[in-house]
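A.B. asks: Using the sequences and the accompanying hints, generate a full structural model.
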Amino acid sequence: MAQTLDERTFDVAIVGGGLAGGSLARQLSLEAPALRVVVIETRKHPVREAAFKVGESSVEIGAHYFQRRLGLEPHLRSAQLEKLGLRYFFTEGDNRDIARRIELGPAVFPPVPSFQLDRGRFENMLLETVAASGITVLDGCRVDGIDLAAQGHTVRVTTPGGRAGIRTRWVVDASGRRGLIKRQLGLDRPSAHGANACWFRVSTRLRVDDWSDDPAWRSRVPTGQRWLSTNHLMGAGYWVWLIPLGSGSTSVGIVADGDLHPFPRINRFERAMEWLREFEPQCGDVIAAHASELEDFLALQHYAHACAQVFSADRWALVGEAGVFTDPFYSPGSDFIAMGNDYVTDLILRDMHGEDIASRTTAFNATYLRLFEAFIRLYDGQYRIMGNAQVMIAKVAWDNACYWAMTALLFFQRRLRDPEFMASIDPLMRRFFVLHARMQRLLNAWDRSDREAYAPAAVNVLDVEALRRLQGSLADPPMDAAALGARLEQNYALLEAFARTLQAMAAERNPALERVVGAGTDAGGLDVGALRLARAPLPVSR
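Heads up, the sequence shown is in the numbering used here, so the first residue is 90 and it goes up one at a time.
Treat the hints with caution; some may be incorrect.
[Stated by the list, open to error] Using C-beta positions, here's what the derived DEER-type ranges look like:
no. : residue 1 : residue 2 : range
1   : Gly313    : Ala544    : 22 to 28 Å
2   : Thr98     : His442    : 49 to 55 Å
3   : Arg473    : Lys133    : 42 to 48 Å
Hints were generated in silico from the structure; no laboratory data involved.
These figures come from a predicted structure and were not determined experimentally.
We put the CB at the ideal spot given by N, CA and C, even for glycine.
C.D. replies: As structure tokens, this is what we get:
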């Protein structure tokens, strides 16, 4: 795919042509087609499908970004897979019978769509599309260094044709975990979240629908399309993902708290299989039957990482994993790509029009990194909860409600890149972040108080009417500032009611938890009967 380097001076140089860099190039080609943009990619394209990467599962923000903002719906519908939501199976006995496990997930496709992404297929399409739009794509190239300077940056590269110095007004680091600019400027910050992961792909469909012949279990999703969900097999301190890819392969991953499941137990394929035979034997047996179809394997220790700064008025930026990364549990990777790319596009366009972007850069950094910290709270110290079906169902419902009520709504309404509006709702957002943090503490304490056994059941977050409205309202038409501000206040009131309800449920196990959240008990809650599990019947003594 490599194009010749006909010129050495560009408006924007994007270092990395993966998901973050390719989608940023696409956004710039749509919003500012006159910009001179170059994408510098290490790998030779086209890459193979079922590529050696995570990030195959998207949720609402990322899916909306790809589908609507980047205009890629035809590709998503024809070459990728629409996702049947997020689905969770909680530990039951020895985990050898999926039909006995408590299941959390939808029976039908949610009203706001998301997609499973074959990263190789998707990134090939992105670079082909941006090259066709006139953007220069240099693949099979090595970046030897980035010289940042006030008068203009220089990216030193080795191309198939030799070495070159690319002059550019803006440089955007989309190099993934290499984090070239982050390392160069000492911006790397550790994250306290100490989880590890391994993942691999097999060249066949692993359909969880085929794991049981139980007619009652199969009838819960009568279409037999559970396999189209991002399926999570849950246990104390871990989860296992199963994600289908449009190319026909299946992505499998193990993500675990390093204190409960040490990294050396999963950092080789053979060790990961031993781990599966112990904790998820039904899944392990299925994979063992297809071990000859293994396509790749990768393991990563302490994958979460933070960053001191991601956008600069000196005309550099970090997007995707070159900046921050939280955790794959709720599939937020493409969300942070979408939000980061949106901010960078705004800054580049305003700078190119001569606007002073210093204050916007400060505001965007603050909001983006604040959201990162809020997302990290969802996972840090929370992996122990994953073995508790009732508490984890409450957590998934709460976390999704917060996402739909606040972050996703702001992105869908294109207000995250409106500093004036974001400043106007700052008091509300501060209250929200406090409530959010208190709820994570409540969930952790609830888990320590709840050691009940629960009967097998099927639960769906969207069976709670208020939560179904929250998710569906993401597709509402654009609102003016006043209407959106009022909607956010209404959503926050709903979250407070939801918090009161979950606090009351937790207090049934431990009355001391009645005041953990601080949302008060003087107002009504939500009807969340659909989220309650029944206790397992006591065994009959003989």
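A.B. asks: Hint by hint, which ones does the structure fall short of?
C.D. replies: Violated hint (a single one): 2; every other hint is consistent with the structure.
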